[in-house]
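Given chain E's structure and the hints, the job is docking chain R onto it.
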Amino acid sequence: MKYNRTTRRLFLQGSGHALLALPILTSLLPRYARAQATQIAPRYYGLFMPYGPVQDNWHPSATGMTRTQIFPAYSTLPVYEIASKNLTATTSGVSYLFDQKFNAFLSKMTFLKGLDTRISGHHYGGAVLGNIWAIRPGDYPEFTSMPTIDHIMAYAPNFYPNGGAGFVPQIVAGINSDMNHGEGFSYGFSNSKARSGPVVHMDSIYQHNPKTLFDSVFAGFQPRPTTVTSTPIIDSVLSDFRKIRDGRAISSEDKLALQTHVDLLAQLEQSLSTTTTLSCTLPNAPASLPGTQPYQGPTNAKLQVQLINDVIFAAFRCQITRVASFNLHVQHYSKTHIHEKDAEFSTLRGNQKWNTDNAIFDIVQKLDSFVEANGKTMLDNSIVHCAAASGPYSHAQYSHPSLLFGSGNGQIKSGQFIDYRMQNAAANKNLGDTSTGLLQNQLWVTIMQAMGLSPADYNMASLGLLRSVYNASTDTYGEFMPSASDIYEARDNVRYAQPQSIAGRKLPLL
Amino acid sequence: MELFLHAINMYRSGRHMSKSFRYTLLFFATSAVLIFQACGKPLHSSSSSTSGSLGTPTATAFFKCSPNTIVGESQIKRLTKKEYLNTLSDLMAPIAASEKTALTQAIQSSTALLPEDNVGQYERYDSRISINHIKTQYDIAYVFAKRVILGANRSAFFGSCMNTTPPTATCVRTFISQFGLKNFRRPLQQAEIDEMYTFYVGRGTTGLTDLVARFLVHPRFLYHIETDGIEFSPRELRLTPYEIASRLSYLYLQSMPNTLLFSAAASGQLSSISGVQSVIDQLFIADEARIRTTIESYTSEWLEFKFKPGFANNVKVQSLANVVGLTGTPDNNLRSAMLKELQEIVSHYTWDQPDGNFSDLMNGDVSIVQDARLAGIYGVPTWTPGQPPNRLPSSERSGIFTRAGSIYSGTEKTSPIHYGVNIIRKVLCDDIPNPTQAIIDDALRDPTIDYVNKTQREIVHEMTASSKCMTCHKVINPYGFAAESYDSLGGYRKNFMEYKFDTSGNVINTLTTNSTTDVSINNRVVTVNNAVQMNAEISNSGKAHACFVRNFYRFAQRRAEDDSTDSCGMQRIYTDLTRPGGSLKSMFKAMGSDMSFLNRKVGE
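Listed in order, the protein sequences are those of chains E and R.
Per our numbering, the first sequence starts with residue 1, numbered consecutively.
Per our numbering, the second sequence starts with residue 1, numbered consecutively.
Okay, chain R solo, but in the shape it has when bound:
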């Protein structure tokens, strides 16, 4: 495969070659491409040119910015379930904490019926709307509306003037303006206030309840509507300050704009990029806790925690735990601790380590694990907040993809295939198709494999040896084999010891595996001894940086990127991440003030 890749590169760069030789190369290259396009296909072409302070390739290596493109087309999206619930919670802010709890509990039965957002990698991609959304939103709107008009909530939520029966027109109109601002995320126009007031009057004794409910099922509440901007070129809108405030808010806070953002929109501060940058700086200080939560959400979606398996509850897993010295049974608590660590590592390098950058994320050795069993797996003490982080044995682990949460398989056997696919998809942003069920069944039915006397690496190799499997697994397996220095619970294998168990959980064989493998990174084949080395190589290539930028760009834009129109934005953000002094935090901030984020291109 590497030869064919090399042939492609030779063809690409071989303008000085003779035509016939180039065609010969093209023959090999085409064959390779046919295979390579099916799996391991780079979604985005890159060259091997490198530069920059981190020794990583320049932005142009990964992002081809076409002149005069600002941003790709985007579709109007509804609020995600998380955004919707956070926004409702923020709308409850005026009422007392105990009442807020009571109201949250009151809507809980309905919120449970609201469909989850699970189409695509990011929740924000999911734009499906079903009758369950509609019904649940209505139910919640009325539970909410009925509760806030009751008791002490009434004056807290609406203002004391609403205690007069009937309230004055001024009182109701003031409420419409104030609640409308939060609800529409922009000031209401006079005609909108008039319409809402007329509606209130027309509903008679239930006017106030209906008014609140109508706001809560209004399209401007349920959707991210961005239609008010100036159209500076056909179908390209410059977002208004209030639309920018809303975008920033849902990007960083996953909820409606707070006072800082509304004020910035009202004052015109969000009318310039420098103003936006300044507001983001303030936001990252004032709302660090909430932004930390958002970054944690992003991490869980980037790494697709939803597909992370639970631990199998069987004697083999338990026996492995016993053999490697893990206390207790591998369970959901351990799984949660493992995944939480991944979020906390991203958070640590974003917030707690000054100028923590993506290379730190890929190579860093800090341990801030507070769970005793997970710390035991790493062989380090548990960390106490406020104390300096512990350090992992550098030869055993470095970076987020050598942590247990990235490695564990959930069974007593490692899963090089899953690990390899994750590296390809989430670290390199290359494409890899899922195998058909028939291919999987074929592989699993192979009777010739000696499961007892062969290492998992050898078994996987044999299982995927057929030509139809090898099409993809030639790419996948090497990445996965690099992690064979860890067992399936995420522990480091001393002396590469791999245990085999019978159905009663007895150790029936002990084998020696290895994690040395040849991997292709940016079209360059590198021999690595383990995942630590492999991830360092990947990090040095810059490709993972680019992939990380792509992922956050997707998260922010609520859609997959379109390289023909989104590359300029991603290029700028990549440059920020990899510049001297660039950091994870600066990259997260850069997204919010990038041109691609402050403008919208309407589809045809």
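Just chain E, with the same shape it has in the complex:
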């Protein structure tokens, strides 16, 4: 079957209808009242790129960063300084991968450097979303897989209203060119709803075909109205008019003209004081991809990625789900093993650029195009979490490049580049790329808290899992974390700084 190149356009047209539906309805809803204190539930979009090393191409320049001492309240902990700066636009962009086209999003971006996985395991699938035992399945049989944060959020109590009835708890999608290395990236309980049973890779809901994904997400779709109560600014504006109307140097004719304006404002106010509902119409479905392979080949990869993004965007808009994770696995893993000095490094760099240009830019643009009832864009109200597998070199388990877009409706302070590696050289003998940093665990906790979860929602111990990466019972080591002696193998000569990291706490400066 020949692939129909009009498919994307047709889907976008359909999607546009859905997109239009909201503005049309919101135009009935007082735009003037859109400033109401509407509660917008943040969305999460996790994007995993199983490539590396990308660090130098990923992060902005360190020039201009200033140090901040963390742990100041804990006298038992050593001095630990991290570095940060606000992002500012440059002509060519802040980095090779996030070039000038991302300049418009800088205030919504947060680059994170120096976040480590405590286990060395070569290929990090689920590890960047929380299941650090997903690496090399079977290597560490004593540790049980952990649900990844997308799953934990999706099935947390009260994450969706009405017990989640009518919602699709999470979307798991991807484009996978090499299933032989598909350790997976999203894990969850086999009995998701009950949050019990063995933790497994979410194969059961994983979709790579936009049409299949659409059918599963929008099956039985019922528009979900959202009640919005307005608190218009008209009162203040009326007051402005009355002040002038009743002020000096106003003729009776002027008074009459201003009074007409006042009357019309009052008329408008009356129409605003009603409660209004928003809704969403069913978008058109994308056509099926021609084959059944998870990776549709280099020609169609862009289309495949962007159609999946379209479906996720539509699902967010129509309030069907709040959680989506995307496995962006376009090239063969062999490229992962390329090092910076290798001749083929430029190929890897190009592949990485393809990812940021076609997948990341696509989804952030879409999310940012839609203004929600609180006056912010969907991107502002979301957290787009981009993570790469390898740190500074292939298989490196530390300093995974991470990047957040959006703030989860103000929950995260964006517009920064933060390097969590210990900056105070005297306390850390291994500065440079191998400097130790903080644990990614804190990022996962930060995200889950921003999404509205409380520690009880992700306390795996209470769910029968002895090992937890998401919460610590003490303020020191986090006793449920594996100790360095158990599994630490990468840098045995290093005094590793991360025991000072407190897994259950938000990352500093965010």
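Do not rely on the hints blindly, as some may be mistaken.
[Said to hold, decoys possible] From chain E, some residues computed to sit far from chain R (all C-beta separations above 12 Å): (1) Ala156; (2) Asn176; (3) Phe218; (4) Ile233; (5) Thr321.
[To be verified] On the chain R side, residues computed to face chain E include the following (Cβ under 7 Å): (6) Gln75; (7) Tyr125; (8) Ile129; (9) Ile131; (10) Gly151; (11) Asp210; (12) Val217; (13) His218; (14) Leu239; (15) Met470.
No wet-lab data here; the hints were simulated from the structure.
Idealized CB from N, CA, C, for every residue including glycine.
This is chain R only, laid out in the frame that chain E set:
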């Protein structure tokens, strides 16, 4: 009619006559006035005294300045749609060009819903306010506010301090002061800053959006509020420097004050007439492009382009085009080129010809037409910018009212009536009422008219021959007949050839018309051979100069003039236009620094 006019004049000046003879004259005069008042009525009396460097009458001939009057009453007016959109555009200045485009596009659907200003000759007259204005302004305010707080726009628009969450009080207050200045067109008072800041805090997470939106629907933004001046006599205010800056800005730039005007207001330069004159001089240099646009807007409103017809899409018009050698079909592109020429001619004599004056506008023969078809109509080459202007055949055309845009009718027939009415209203500023539909129907139903064998001039004459038509058409038709040397596409008729077509577009008759006519100008009957001569006579009379002054005065003051209180200002401006060295540009400038423009009289 001319006899009766003469009688009126004799009566007016006949103090030496016997009483009975004067009453006899009065009888004729009254009869004439009854007719003349209904149409062709001079809105403003004038005498025939002439003087001045251009041979035109002195200002007192047209404007009777009453002592101690400065300016007529004015009402608070809202920003016109054009002013409102220009101001929004200028407010977007801090953000990147691409984002400005995106924001402009974002508000486009709303701006399309904003009612047009089309009551009266000038858009600035329209003070109507409807629920559509209110709703659209709100919509636009929020689209604008939401967009400028996003992404890179945020720091560009508000300042980098606004990227801190939450921004400091100092940061927000600074923004209120700075944005408020642009918005209110004057610095905010401390109490106003406090109120806005309290409002911002009270709105919580949407404070910034709401703050911007409130500014954009504030009466001081949407209206030209001029209430802060010193009341130097009852209901007469001397405008403050910031109010003057705003007036000048909306007069010349059709938008909010720019840096030059705000600075001039802040420095006190606008506190004196000489200071205002100096600022206007600077403005005309620094912002020539925008002022050119304003003068073009003024021209289109003065000549009421909105009523200019399109070309009928029928075989007769096409056949006429073929017969006279016009390439292609007369269409909207041709119409646009014709009207654009009128704007460019005014612009040319204002900016490009040193000391170009109103007489040049009435009599000048330059052609700066770049449209090939229009140049073809004139029989001149197209003009290349930067090159000297081409010249029109002087016996065929001179002045703006002999250009195709002033002449074309849109059909295969000329329209002497429309041309005549335009001359009366727009060149002479005399009044002429519109005929009732019943009168028009009667005229068109006349079965005795031979449309094939009579010229359009003869047809119009017959159609308007009844006494009820002739009341007005005795005045209108002669002005219109002077333009019968042109066809309905604006082309010059060689040998006065007029073509008649059947319904298939075939030429069924060729007639010879003529354009010689007797017209009354300033109460003086003159025989002219064509519109070139007529417009020269009108120009020499000074009446068109006075009318042009009246029109720009209306444009600037946003209202019709009141001769009892506005004549002094118009007299000064007329004097400037007609003085040695006076020019269109100097007149446009003189308006902005005239006492009548720098003061405001509040209505009762």
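Checked hints:
1. Ala156: 24 Å, holds
2. Asn176: 33 Å, holds
3. Phe218: Per Cβ check, Phe218 of chain E is outside 12 Å of chain R; nearest 28 Å; holds.
4. Ile233: 5 Å, violated
5. Thr321: 24 Å, holds
6. Gln75: Interface hint status for Gln75 of chain R: holds (5 Å vs cutoff 7 Å).
7. Tyr125: 13 Å, violated
8. Ile129: Result: holds, 5 Å to nearest chain E Cβ.
9. Ile131: Since the shortest Cβ distance to chain E is 5 Å, the answer is holds.
10. Gly151: 5 Å, holds
11. Asp210: Constraint on Asp210 of chain R satisfied, holds at 5 Å.
12. Val217: Given a least distance of 5 Å, the restraint on Val217 of chain R holds.
13. His218: His218 of chain R check passes; min Cβ-Cβ to chain E is 5 Å, inside 7 Å.
14. Leu239: Cβ of Leu239 of chain R sits 11 Å from chain E, so the hint is violated.
15. Met470: It is violated, given that the least Cβ distance between Met470 of chain R and chain E is near 40 Å, above 7 Å.
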